[in-house]
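Hey, can you work out the whole structure from these sequences and the hints?
First residue of the sequence shown? That's 1 in the numbering used here, and the numbers climb one at a time after it.
Since the hints were made in silico from the structure, they are not lab data. Hints are supplied without guarantee of correctness; some may be wrong.
[Unchecked claim] In silico lysine to aspartate or glutamate, DMTMM-like type, Cα no more than 25 Å apart, as pairs:
id, residue 1, residue 2
1, K99, D70
2, K99, E137
3, K120, E69
4, K99, D191
5, K120, D134
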Amino acid sequence: MVPWGLVDLPQGLDILNDICNPRANSFWRGGFLMELGTALLIVDMQMEMANATAAGRPRANPGANPQPEDSIAELAAGFRRAGLPVVHVMHDDPRRESKFRRDLASGQPMPCAQPLAGEKVFWKTGSSGFVGTDLAEYLRGQGISDLVIVGGVAAFCVNSTARSAANLGFRISVVEDALIAFALPDRHGGDLDADVVLDVTLSALAAGFGAVVPSREVLEQLPVAA
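Here's what the structure looks like:
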């Protein structure tokens, strides 16, 4: 510690700010905070997502450019270039009728989210990536406090994983254009539009659990690897 008498006032104030400010080790530009201890968390980007889309299941933002798969691939590449961790969560459903099983082709990762050598993959059997896995312990062991979350399905496993992360003390940012969301049956009959499902999901997360941000903003804040 530098004795206060040996620094001028502006420098002393800067030191005090670094001590007191929890964002002192952060990249801060505009409205999005990119922490040094940040990881990209990719949820359930498995081939059954592509199969359901190809089969015509109504999906949010069908005309979006880029599509969520493209945004996820770009984010993963950006995090890797920056030297920040990319962590994968995938679903291994215990129900035999499910297509989300690690022993099926439909349960394998999509090309946009293919894990690279050395990247951690956690297989879950429920909705949240933190239940029944060592995900939380791994993240804490790596010094990760902030998660940028992408993947599918937005209203289910992304939602559950994001809420669990927030409840466990991680700061979360969910990337609005890097999510897959499908229409859902309305309990009163008919279907809920996929765009409505996505908007309600993101609104609830933003209201009580973390930030909702566009991929462009995340990419702009990624540090340049040394």
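Of the hints given before, which are not true for this structure? 2
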